[in-house]
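Residues per chain are reported as follows:
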Amino acid sequence: MGKRVGMEVAIASAEAAALCKFDVAAVYPITPQSHVAEHLSDIVNDGRVDASFITVESEHSALSAAIGAAGTGARVVTATSSQGLIYMSEVLPIASAMRLPIVMLIANRAISGPINIWNDHSDIMPMRDTGWISFFAENGQEVVDMTIQAFKVGEDRRVMLPVNMNMDGFQLTHMVEPIIMPDQEEVDRFLPPYVPYAALHPDNIVSMGTLGLPEIYAEAQKSKDVALVNSIKVVKEVWKEWEKQFGRKYETIQSYRTEDADVALVTMGSMGETAEIAVDELRKQGVKAGLLKIKLWRPFPFDDLKKAVQGIRVLAVTDRAISFGGPGGPVCSEIRSALYDEPKRPEIVNFIIGLGGRDVQVENFMDIVRRAAKGKLSEPYEIYGVRG
Amino acid sequence: MNTAMMKNPKSIVENFDLYAPKLVSKEEFFVGGHRACQGCGESLAIRLMCKALGKDTVITNATGCMEVISSLYPTTAWNLPWIHVAFPNAAAVGSGVEAGLTALRRKGKIADRRIKSVAIGGDGGTMDIGFQALSGAMERGHDMLYVCFDNEAYMNTGIQRSSGTPFLASTTTAPAGKKIPGNQVWKKNLAEIMVSHNLPYVATATPSYPIDFMNKVKKARRVKGPSYIHCFVTCPTGWRSTSETCIKLGRLALETGIFPIYEVENGVYKLTVEIPEKRRPVEDYLKLQGRFRHLTPDQIKVIQARVDLEFKKLMNKVEHSVSWV
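Heads up: the protein sequence lines correspond to chains U and V, in order.
At position 30 of the first sequence (counting the first as 1) the number is 30 in this note's numbering, and the numbers step up by one without a gap.
At position 287 of the second sequence (counting the first as 1) the number is 287 in this note's numbering, and the numbers step up by one without a gap.
Do not rely on the hints blindly, as some may be mistaken.
Which chain U residues stay away from chain V? Per the calculated CB distances, all over 10 Å, these [to be verified]:
hint: 1; residue: S112
hint: 2; residue: I180
hint: 3; residue: E185
hint: 4; residue: H201
hint: 5; residue: D203
hint: 6; residue: K236
hint: 7; residue: K240
hint: 8; residue: E241
hint: 9; residue: R248
hint: 10; residue: D260
hint: 11; residue: E281
hint: 12; residue: R283
hint: 13; residue: K288
hint: 14; residue: K306
hint: 15; residue: V314
Under the rule of at most 27 Å between Cα atoms (straight-line distance), these lysine-lysine pairs were calculated in the DSS-like manner [stated by the list, open to error]:
hint: 16; chain 1: U; residue 1: K21; chain 2: V; residue 2: K109
hint: 17; chain 1: V; residue 1: K287; chain 2: V; residue 2: K248
hint: 18; chain 1: U; residue 1: K21; chain 2: V; residue 2: K107
Honestly, the hints are just simulated from the structure, not real lab data.
Glycine included, each C-beta is placed from N, C-alpha and C at the ideal position.
Isolated chain V, as found in the complex:
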């Protein structure tokens, strides 16, 4: 502890986020030796998520990068019980895990303690092909957490466009062509759709704010029922960005308002990481990524206007939402 802090102990609280990492468990449940790319935001987020979840967890993993890089038979990076079945069904499998554990516990066939079922998937596996299974699992009210790791395209198959891909981003199936400049529609807001499922807890997060993310995972874990976290993760390979900007891009996404970090607890919206009053221009975020390299100043203006509008909509909810409990 430095002398300035000794003189003013209050600043420890103020600088909690600076010191909090020291309080994080050293135990690893998603261990090294896996084959993720350099600067992969998703594998980092999973490591943090597992630390926050702790031992009494079963992970269901949708097909995608994370399953590929972590489970090359006969190796595994998972120091937690883990199951992978297919691409579209992580939520359904996770709901079965929950039902199985609940029944076996009730019948005295396994130890009498709560084990949380947690299903994870990428944006394609969650927002597109896994959307129905997710909606079903959340609607049925299973005691489970679903975490979507959104890197905004089908990165595992080679950067194809998903419904998580941002407007005008260049992907291999919605490329910046001579006539059509990239993805032509706006990103689907899945967190909002999950709020509409009346979930007790929905949050957005990024590993660029690790303590915030881990706190949300812990909170979601405590919910006795369905909860959902939408975790925004950098993909240097797909975003055509440098590996060392992994954390920076997550922060810029927040500071520009492109990806605000908030939680919705029983209907109450709350920003959990402060967004500067004067938000940075979206260009600061866009210019670091090759997928936006083709954008013209006019196109950037269109994106800025939409980000401003979405931010206003969110702030309106933050200011006016009331608890339903």
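Chain U extracted, bound-state conformation:
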């Protein structure tokens, strides 16, 4: 049985990767991911996992080295944040196109400028369309569980895609939380050894990353899209298996007190817990509030969303990033288009909150619900609590 421990979440994510017995880690340090980088190297240098740790000179090289290592058939982990993720952006779609199941731990942080090391989702959002599976963890326990699940989902022969596990920088990474840490025997039972489909080895020669002319490029893109869309089945299967073995349930969209809800908040990441408290408070005051928490960002769970919003009059979608000059926040934009064709759909309002580490408190969520209950905002989206 796993042991309940008090552990910093960044360190716990590295411990979870260690339980998966990775072969290679290629990591470049960046705040607030740095404890992940440090702890992964501790694990390797103390010989707790037999692996190579590559102290790359940049994030671009971190993911490049990860691809090279994954190409040989190794189980590979990397980690980054913010500017580092943006710096990797050239290589991100190549990793997924090459169908290499690398796992990336992302400590979500605002992107420059102005330079800011605190939490929001403006790093992962521009990387949305790179063909990776994206998990969003809400707390330390989910960080640990999702890290282990990420290897299993990505390495499944029906998937073979890289997975990023998003954990809010500082709000999660630097918190010491009670976490049930699975033991090695349990993880070994859950996660089989990785058997690559093809590997760089002279005994079985392959060419990886060849040139695709217009005659084949579109087909290559379609195959990646189909693989990503279909991976949702495997994600759910793996989550079911996890629930059976570890007793903790995972859903693509987790509903909280929505059965009879009039207004429901939508969150992604660590703010779900604060929003839960706000819902409880509002319920005490007689407001029929609810909450939907998105745990799987890519592939986007369209069908589950449609089911989850049944009976809800107003959705107050919160975003932690802006699509500049666009429709508002990327999460809201996704939800709007997901529900557009529904004959009966809730009214949707969009609040962009918590940019660059701006604190969002229980009262703020309560205020958002009360305002959303009135329906349409005066603007298509509102950057909440902003001056000027």
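Assemble chain V onto chain U, guided by the hints.
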């Protein structure tokens, strides 16, 4: 064997280079049917490199001509495990290949034998956009070889200037204009920068001296750690030279001292192909190439003076360097 040789067997040794090609493996790891230009020095060099490396090799290829001409899906010219990821990161990917193979071998997940990770790139992919990744990979001490195939400009994108482009050469982004006559700076000396990384083995080479090049590849392959070869290759398309001068231009580069061929083993510099005592004038090399067509006699004098100076600097190292082991 002719009668003169029969009479004097010593001359076999003296003429080793003449006969050595017969000893080269007939096995092809970079096979025909690829789409390189006529007279391409780079594809020839890669073919020779692969012969010297042999079967137990994984190649990481930076984006560039070689990746384009050799890997049009669903075809491949590579009879070795091969990976291409992007333009600036061949050294980083190659370092990951090395780390992966090392870990998997140590853990008993693959056969217990040494497989060499070899990363290759052009001058742009190595000296410019791939420079940081190269420096990082070499500094970290991976057991890998990096070979830069330097044809002195971004040939794949259409002959744009790189930091490998020679002084005053005309390229499409540093053209011989009415006011500015081509590239205004001197070529970066990357082999020297690699020596400064304290690599156990650094060499320069050209496929115009194939046995020398292959011997260097073999030597670099044996190094347990990072090694670097800077291979100077002709590009008839970019140099505006005729295809049949591919080999000749490499030889002229050596005979003029423009591109001396040497190796640096644990800090000791050694010329591996003899350079004539009386070097040929640089003009003999320059005049065969359209990229230098616009040069005036005065400009050629400036180039000659610089080549003389660089050659003197190199000879000084050849004469005075001492081994650090």
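For each hint, the structure was consulted:
The Cβ of U:S112 lies farther than 10 Å from every Cβ of chain V, with a closest approach of about 20 Å, so its non-interface assignment holds. With a cut of 10 Å on Cβ distances, U:I180 stays outside the contact zone with chain V, its closest approach being about 28 Å. Distance check on U:E185: its Cβ is at least 19 Å (rounded) from any Cβ of chain V, clearing the 10 Å threshold; non-interface status holds. Annotated as non-interface, U:H201 brings its C-beta within 10 Å of a C-beta of chain V; the closest such distance is 6 Å.
With a cut of 10 Å on Cβ distances, U:D203 falls inside the contact zone with chain V, its closest approach being about 7 Å. The claim that U:K236 is not at the interface with chain V holds, since no C-beta of that chain comes within 10 Å of its own (minimum 30 Å). With a least CB separation of 29 Å from chain V, U:K240 remains clear of the 10 Å interface cut-off, as annotated. For U:E241, the condition that its CB be more than 10 Å from all CB atoms of chain V holds, with the nearest at approximately 25 Å.
No Cβ of chain V comes within 10 Å of the Cβ of U:R248; the nearest lies about 30 Å off, and the non-interface call holds. At roughly 52 Å from the closest C-beta of chain V, the C-beta of U:D260 stays outside 10 Å, upholding its exclusion from the interface. Annotated as non-interface, U:E281 keeps its C-beta farther than 10 Å from every C-beta of chain V; the closest such distance is 50 Å. The claim that U:R283 lies off the interface holds: its Cβ sits roughly 52 Å from the closest Cβ of chain V, which is beyond the 10 Å cut-off.
No Cβ of chain V comes within 10 Å of the Cβ of U:K288; the nearest lies about 52 Å off, and the non-interface call holds. Here U:K306 stays apart from chain V, with its beta-carbon at least about 38 Å from theirs, past the 10 Å limit. With 10 Å as the threshold on Cβ separation, the claim that U:V314 sits away from chain V holds: the shortest Cβ distance comes to roughly 45 Å. Between U:K21 and V:K109 the alpha-carbon distance is near 13 Å, which keeps this suggested pair within the 27 Å criterion.
Simply put, V:K287 and V:K248 have alpha-carbon atoms about 13 Å apart, close enough for the 27 Å limit, and the pair holds. Taken as a hint, the U:K21 and V:K107 pair is honoured in the structure, with Cα atoms around 11 Å apart against an allowance of 27 Å.
Consistency with the previously given hints fails for numbers 4, 5, ordered from lowest to highest.
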